[in-house]
Every structure is written in C-alpha cells, then in structure tokens.
Amino acid sequence: MSVGIKKITKTICMILVISVLLLLFGCDTQGYKFSGFGMDCVYSFKLYSNEDSSLKVSNRIKKEIENYEKLLSAFDTSSITYKLNARADISGEDLGEIINIINTCNKVSSLCSDRYSVVCGALTRLWNVTGDNPVIPSNIDILKAVALCKSGLVSTENGNIRFLKDGVTLDFGSVGKGYACDKVIQILKDEQISDAIVSFGGSVLTYGTKGGEGWKIDIRSPFDNSKAGTFNVDNTSFISTSGGYERFLEKDGNTYHHIFDLKDGMPSSSDLASVTVISDSGVLSDALSTACFIVGMNESVKILDSFDNTSAIFITKDKQIYAYNFSGSFETQSSFIFKGEI
Amino acid sequence: MKTDTTPKLIYKRDIFGIILVLFVVTICMLIRMIPADTSGKKFAEISVDGNVAIRMEINDETERSEIPIDNGYDTVVVYENGEIGIQSCKCKEQICVHMGRISNVGTSIVCLPARTVISIVNEDSSNTASTDAVTY
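Sequences listed follow chains V and B, in order.
Each residue of the first sequence is one higher than the last, beginning at 1 in our numbering.
Each residue of the second sequence is one higher than the last, beginning at 1 in our numbering.
Among the hints, erroneous ones may be present.
[Stated by the list, open to error] Part of the chain V face toward chain B, derived, beta carbon under 10 angstroms:
1. Ile-142
2. Gly-201
3. Leu-205
4. Lys-210
5. Phe-338
6. Gly-340
Read the hints as simulated data drawn from the structure, not as lab findings.
All residues carry an ideal CB built from backbone N, CA and C; glycine is no exception.
Turn these sequences into a full structure, and let the hints guide you.
Okay, structure coming up:
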C-alpha cells in the first residue's frame, strides 16, 4: 500500500515538473515584433500588447514613418526640407514641426559655439560621404561651405523659416531617427500600448517599464562589431549614440567619417570614439550625442549641464568608459575599462 | 494454495511504472515537436573560447561553404542546404565531426578539445541574448 502511495506521489511530482517545463516553453511573452526600412536605416519594434492591437499599431506606425521622411529627407524632392533647401514654394505647408526641431538643435548649437548645427547642408552636401563617388573637397571649398553653416543664418521667427544667405541649407541627418522616436511615442500613447522597445538604426526608444523589469541596452563597440557594455534603463527614455565608425569614406589610407566639426569643416577629431546620450526627447538625444562627439568629453559636460534629466556614456579612443549623471547599472566588456562618473 | 503463490504476470506498481515511462516519453516527444520560434531569421554562431567568432545567417538558399576556424585544431565548418556541421577537426575523439549537421534553433555542436561551439540561434538571441536593444 505504502509503495503505491509513493509511486503516486512520484508520478504527481513528475507531472508537476513537466507542467512547469511546458509552461516555460508555452507562455513566451516575447511581444509583437516588426521591422522595416525607413529614415535611411533599419527600424525595428517590439510591442508588448495583444496581437490584434499590435497589428493595428504596427500598420499605423509603418505608414507614419513615410510621413517623417516626407518632412525631413534631404533627398526626397517632395519633402518639405528639400523644398526649403531648394527655396521652392512652401506656402500652405505646416512648418511647426520643423521649426521645433530647428529650435531644439539651435539650443545645443549655442552651447558648443556652433560646432554642431542642423544648418550644415552646404558642408554635408560638399563632402557627400555616403554618396556614390565621394571625393575629398578642397580646402577652399570647405571654408566656403563652413561660412554657410551657422545656426544664425536661418530664422524661425513668426512661424516662418527664412534663410539669410544664399546657399544656406538644412540637414536633419543628425536628428531624423530621434525625431521618428519622438513621433512614435505619441502613437504608442494614443493606442495605449503599455511597453515597447523601438529602434531606428542605433537610436533607441524604451517605452514603459517592461512590466517593471526595466530595459537592458547594449552599446556597440566603436572599434568592432562586438559590444562595449550593457546598461539599464528603468522607464521611457530616448537613447542615441554618435560615433565616426558607422559611415565614412576611405581615401589613400585615411578614413573620413560623417560627423563634421563646423569649426573647420573637417570630420571631427575629439578624444571620443562614441557618445551615448539618454534624455527625454529623441531629437535632443540625437543632437546632444552628435555635439558631444564633436567637442570631446570635457566640453561635453558643459553642454550637458544645461539640460535636466540627461545622462551620457562616453567611450574614449583609448577604450575607457565614463558616465555622466548616470544612475543605472553598467556592465563593461573586458576589453574596456569603466571609470565611473566624470 | 499453490496457485496463490504463483507470481502475477503484472503487478500494479509495474503498471504505474510503465505508464510513467510512457508519459515521460510522450512529453519529451511533445516538447521536441513544439516548433522553435520560426519568425525572424536563424543564425549559426561559431564561438571559440566562448567568444562568438563567426555569426552567419542560415537559410535554405545559402550556397555551400566551408569555413576554416582559427582555433589551433584546423577545424573546418561546412554549411550546406540550410544545415551546418563540422567537416574536419584535428581533435582526438572526432566526436564533433560525428555529430553531423544541425539546423534547428537551440541545437548545437560542441568540440571540447578545440573549445569550439556551433549553435543555432534566433535573430534576437545572439550575443545580445538578454538585452532589449543595441545603440550605436
């Protein structure tokens, strides 16, 4: 009799163990994923919501991304930015969004003596690093272009955009992905999605708390395809990284990357290999990470001090990692050294 | 009297045992039948000393290729028809070579002497397994 009871107990235990295993295999709260191409990069989304509403939201987002390009693309001839740069007729267009972006970026520009600005189309067009046949421009051409890259040469007064000089153009390449994140968050709120993780290229939006768990974000190593470290973000944040390793041209053994110091019109050459900025606006994170990458670590602190709720992680060219106003945990890969707060 | 002492062919506890074995076997088969996450792409990760040396997408269209691995054992990984395996390896036991080809997410081939592992992973479960996104 006692043998029988033992057997039964054993069987029940087995069934319990197996049920738990099955539960682990079966209840996979992976979220709803989708991805695509837009804003000149690969974007990907993961929505933590039921499938029906996720599908609806994903369709809405995909459609909206085309609209963002219609606003900011420097190459799409029907985009407002293209029309502005070509001095084409923009009567009847809503310029509010673009003016907001320009004003946010100008705030950053004023803190770094205009070494970063979205009023830089003359220079980026001249270098055309990502073009089909990029060549290194002559010094004279670079200096001429630099003279046209000053934030003050575009006026946004009275809801109008006026260029104060011929040849001055806008390039939103540095903030397009962050802007897309800013717009997506409105849709996520609208559709009452509780948690989501969004990435446009390397710009990331964490939305919600992932059910209280928080998000884990890798920073890619600026030196190869591995990762430099992993950090935690508890709630909604915009994360943007700038570095010279992603887009560049090579000529005669030299590499020329795509982030220019408007002081001299050359690819920036600070002590930094990459900068990651975490803030509560996508455009601001994008603009700050670019500006900080240009001016270097010490100057960056002066810029970042002017903004609330902003943190940064710096990776220097000698593989040291510094944090600014960073409260989360940071896990460093072995080939890097984490030096703590600046 | 005699008939009473004759051992029964099957005892109750034996039935329990048989049912238990059958049950476990069935469950194991069921678990194996649960399809691995087929959404997204599949990748083969070849790691030496725990570091991912090569990460390649695998699908049925990819052409046959032989990949030499720099691990001191002249290991050659072969990939064809959506399956990946170790073709040759200068290890003593040759266990890794005899493990054949793999293609399902979650499976792996290990060569202990050469400290080399091939594993099939989903798009997300790369070296960023536990992270949500990558910023760059």
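Here is how each hint holds up against the structure:
1. For the restraint placing Ile-142 of chain V at the interface with chain B, the shortest Cβ-Cβ distance is roughly 28 angstroms, beyond the 10 angstroms limit, so the hint is violated.
2. The beta carbon of Gly-201 of chain V comes within 8 angstroms of a beta carbon in chain B, closer than 10 angstroms, and the hint placing it at the interface holds.
3. Because the closest C-beta pair between Leu-205 of chain V and chain B is about 9 angstroms apart, less than 10 angstroms, the hint holds.
4. Given the 10 angstroms rule on beta carbons, the hint for Lys-210 of chain V holds: about 7 angstroms separates it from the nearest Cβ of chain B.
5. Using the Cβ-Cβ criterion of 10 angstroms, the hint placing Phe-338 of chain V at the interface with chain B is not satisfied: the shortest such distance is roughly 17 angstroms.
6. For Gly-340 of chain V, the shortest C-beta to C-beta distance to chain B is roughly 20 angstroms, which exceeds 10 angstroms, and the interface hint is violated.
Going through the hint list in order, the structure does not satisfy hints 1, 5, 6.
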